[in-house]
Amino acid sequence: MNPIEVEIEKINDAVLEMIELVKAQLSRSRDSFMNSDEELAHQIIHTETRVNSLELTIDKYCENTIARFSPVATDLRFVVSMLKINSDLERIGDYAESIADYVLNINHKLEKTLMDNVRTDEMFNLAIEMLELIADAYATDNSKKMKKLFAKDKVLNQINKEKSQVIAEYVLANPSTIHDCLYLHSTIKKLERVGDHAKNIAENYIFYSDAKVLKHKK
Amino acid sequence: MVNRVMETNKFKIQAKDIHAYYGTHHVIKGIDMDIKPNSVTAFIGPSGCGKSTFLRLINRMNDYIEGFTKTGDILLDDKNIYASNVQVEQLRKEVGMVFQKPNPFPKSIFENVTYGLKIQGITNKSDLEETAERSLRQAALWEEVKDDLKKSALALSGGQQQRLCIARTLAVEPSVILMDEPASALDPISTAKIEELIFELKEKYTIIIVTHNMQQASRVSDRTAFFYMGELIEYGKTKQIFLNPKKEKTENYISGRFG
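Protein chains in written order, with the working numbering: chain A, 1 to 218; chain B, 1 to 259.
Derived from the structure by calculation, the hints contain no laboratory data. There could be a bad hint or two in this list.
DMTMM-like mimics (lysine to aspartate or glutamate), calculated; alpha carbons at most 25 angstroms apart, straight line [said to hold, decoys possible]:
#1 B/K246 x A/E38
#2 B/K202 x B/E89
#3 A/K10 x A/E48
#4 A/K212 x B/E248
Just so you know, these numbers come straight off a predicted model, no measurement behind them.
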């Protein structure tokens, strides 16, 4: 293997690890949130330091590759894309941690009707499916699969759009649940942001893989 | 009519189906290339790929190589430079060349810069002085040598000598400058000066540079041509070649994965 390929391989492995780690964090944040599992919430918060440290490692690998090898063509697109994907993944990790924080603050299970009305489970599942798609497409080097997640992001956006009305109606009918409702509102918002970051990841991956710029194009 | 005029002004240099041979050795295999005025074009490719031979065709430097033959035409401002009525000396005044190793004459700095004018018969002292200053300024050397124009050119550093050779080329007011690895024998600071100079010179001149330094090609050129085994594999905007080359051979070469 030529020296730059060794560096590219290191970045590739680390990003793959980051995707799996963040996917697991988000998946646990769903379980923790849906079941008010505080033990799991603590684990998520604890694991966040691993996400942060892996982000720094990937940054370091990318900087090293740029400094020492002046990558061009596919290598250049790879390094530039991975730097951005890394930062999107780290943000998704942050959201998983924030949701775990909410679980600890709420301190009890939310009303099932409230969660169902807002389509909370569906929102979590869609966000996790987006990360599963990323993991699969990345590991198999398949940009077509990556494109599948754009449709999921649209559903996430729709649920997010409807949430305020649904939650407002619920609060009017059940004023004592105002705190729960605010936390749920924020959680849905976080998941919508997860979708945006996942979409960025797909766009950046496609830039690397197909040399196409999809960003800001309708 | 207007359209035709615009069309004919579009390219400074046009190569049409160029084949070249050293004896029976086929070194350039059917190259077509259009080069716009006031641009920098980089020729890249492994040793022996034909890029220097192709460069030297543009000012007929291969003419006197024994056994050298070529077919196809090269047009400079729409005129065939291999036409029978073209005087090679006149062509080389129009198409200047800078070589890999600085090759100043063992004369003073002033005599080096004004050499081309003198052989054209220009002897007026103030004309010569004016040209010397203008050329040395254009070559970003004036400030370093202005108090010492009588000093031997050979006493200058390698980087200064190369800029002197560029000044000598500029003095005869060419419109095209060919550079064959002009910075390969220079340290990074002198290299940076030459590259900065290339960037400035393209305002007035059309520049073609042969380089083995990929980063140099990507830094200084507007368009890049990748040659391999006598063929032009890919020719396009430098940004496209270095970010998204269309041909696998180009990608492998520029990313150092050849062979």
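Let me make sure I understand: some of the numbered hints might not hold for this structure. Which ones are they, in numerical order? 1
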